[in-house]
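These protein sequence lines are chains A and B, in that order. Here the first sequence is numbered in the working numbering, starting from 1 and rising by one per residue. Here the second sequence is numbered in the working numbering, starting from 1 and rising by one per residue.
Restricting the straight-line Cα-Cα distance to at most 30 Å, the calculated cross-link-like pairs of lysine-lysine (BS3-like) are: (1) B/K72 <-> A/K66; (2) A/K83 <-> B/K72; (3) B/K12 <-> A/K330; (4) A/K173 <-> A/K25; (5) B/K72 <-> A/K326; (6) A/K312 <-> B/K12; (7) A/K25 <-> A/K209; (8) A/K75 <-> A/K166; (9) A/K323 <-> B/K12; (10) A/K312 <-> B/K18; (11) A/K326 <-> A/K80; (12) A/K326 <-> A/K84; (13) B/K72 <-> A/K75; (14) B/K12 <-> A/K336; (15) A/K330 <-> B/K72; (16) A/K166 <-> B/K72; (17) A/K80 <-> B/K72; (18) A/K333 <-> A/K390; (19) B/K72 <-> A/K85; (20) A/K83 <-> A/K95; (21) B/K72 <-> A/K84; (22) B/K12 <-> A/K390; (23) A/K312 <-> A/K330; (24) B/K72 <-> A/K89; (25) A/K89 <-> A/K330; (26) B/K72 <-> A/K95; (27) A/K76 <-> B/K72; (28) A/K323 <-> B/K72; (29) A/K312 <-> B/K72; (30) A/K323 <-> A/K66; (31) A/K66 <-> A/K89; (32) B/K72 <-> A/K87.
Don't read these hints as lab results, they were simulated from the structure.
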Amino acid sequence: MAYNTYTYVLFLAAALLFYYLVPKKYRWAELLIASYLYYFISSRQYTLFLLFSTVTVYVAGRQMGKWNERYNTEKKELEKTEKKKLKQKYEQKKKYLLIATVGVNLSILVFRKYFLFVTYNLDRLFEKLGIDIFVPQLNFVLPLGISFYTLQVIGYLIDVNRGTVKPEENFGKFALFTSFFPQMVEGPICRYGQTAEQLYTGHSFDYTKFMFGVQRFAWGLFKKMVIADRINALVNFIYLSYLRYSGVLILVVALAYTIQLYAEFSGCMDMVLGSAECFGIDLPENFDHPFAACTVQEYWRRWHITLGAWFKDYMFYAVSLSKPVKNISKRLKNWKNNSVTRCASTLIALFVVWSFTGIWHGGSFRYLLYGWYYFVLIAAGVLFEPLAVKAAARLNIDREGKAFKVFRRCRTFIFINIGLMIFRAPTISQFLFMFRSIFRDFHPGVLVDGTLLELGLDKMDIIVLAVGILMMVVVGTLQVRGVKIRESIAGWKLPVRWCVYYVLVMSILVFGAYGQGYTAVPFVYAEF
Amino acid sequence: MEQLLNILENLKPGVDFKTATDFVDNGILDSIEIMELADEIMDEFDIELTPVDIVPENFTSLETLYQMIQRKQDED
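Chain A extracted, bound-state conformation (with noise of 0.2 Å):
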């Protein structure tokens, strides 16, 4: 039941409505209810696993919970070191408990989602070095939004077990905190803190907040029905014939395909904020305008926000902190006190959050090239920040000036462009063809000799699209410098309103790709 369905419009339209029917104390077991119905219709047997995460996230925070308060109870009467010492062994129970937790879920997740690519490679390996050993190759079926419910319960757990937050005691409450339909399939991942009272509370019906959840829902549907659906022909046209392609086109789309993500799962992300809004419910924004980055680190602060906190949160800050790193670290600085080995500990957490980061995409290994790229250029930022800021200085360029900022922009965007080319192609050694092919036969004039018409998308489209993605730009620049839209037509006079709405909704439905002449392309996210 994706978000840009009638179905789920419809699904939505009704849990909305039983929602603000039943009374306020009970309108969160409407929400849980709802969502595991959602999520039976779309995934039938394997709401087990979403189940069995539940049960034992559950069980091990109430665990965790009771040596919290065991701990705090027994150090009253303690001297300072019998409390060390106290401290410590409820220290190490909870490590181990969440070890434990973490690793059954993990494991689930590493098994169905890697099984295929980690016995496929096993396979031509043994193959290379002529062992005759059958290994099975199967694919398993990914439970939906696994990728995102397993980070979100282990963020709970970890805050658990840090005394971040306080162990959910009900049940129900905490299956709905990791079940919540709208964003389990494709995020925003949540944390417990930020969200979890908001999804227990009965919210008393609001308008204008219901309102503003429709319109982002609105908008949302029309960048992806709009904007995404429709470029997926010229970037499916290429990258499947990549072979007869060179030069300019070869940059068009890949600056295609840029915009065909961001306005997809920027536009999931819409849908799924706009629901919960109708909910009266505020979740965590996951974009605030990527490509208005100077910088790289900028761009993932920006882009896929709460992935980028959660890995930066729960393993960056660990790793960096943790024992074996520490001493590395050190053995380095004994070994030569420069400006890289100061940075060492950093730069092995960064080394290792960005693997996680790519592979957590998938089984693949241009998915690790993906996160080791970015890995690359943070670093290689971190690393020649000193240089460069000496660089400016003798050159006398103003760091801070207009200029300069338009030229880091640039930049980070040529970076974000290429990072996307490997993620998208099939393969890594397609991207690398590709990505050589840009400076061969470099002919601007196939933007305007009707070449363009020849790639999956006639001049109809080319006009919506180019409408469409000056609209996201508007928007987007609007917002950028502080406009709120939404606040601003509210504002507006009813006939003027109602114009504007009618536009939007008309424009889905008669500019939409769907229907006739196009696939339906699936979320890209919601199969991670």
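With the hints as your guide, set chain B onto chain A.
Relative to chain A, chain B alone:
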């Protein structure tokens, strides 16, 4: 406090850390710089920091950072 100020000024020259606030929320320090800072603090003050300590509340001002260091020294 002076020692801490030196570390911060070496890490991010040009920022007036005596008056600056909300190092994380105001984008004065990013996650990589925070780790570099944590590294320096652990070396200079001989304390152990854990991920639990890396929260925006401890990076609100020079004062809150110094209080965290003192707290950690007391714990050890």
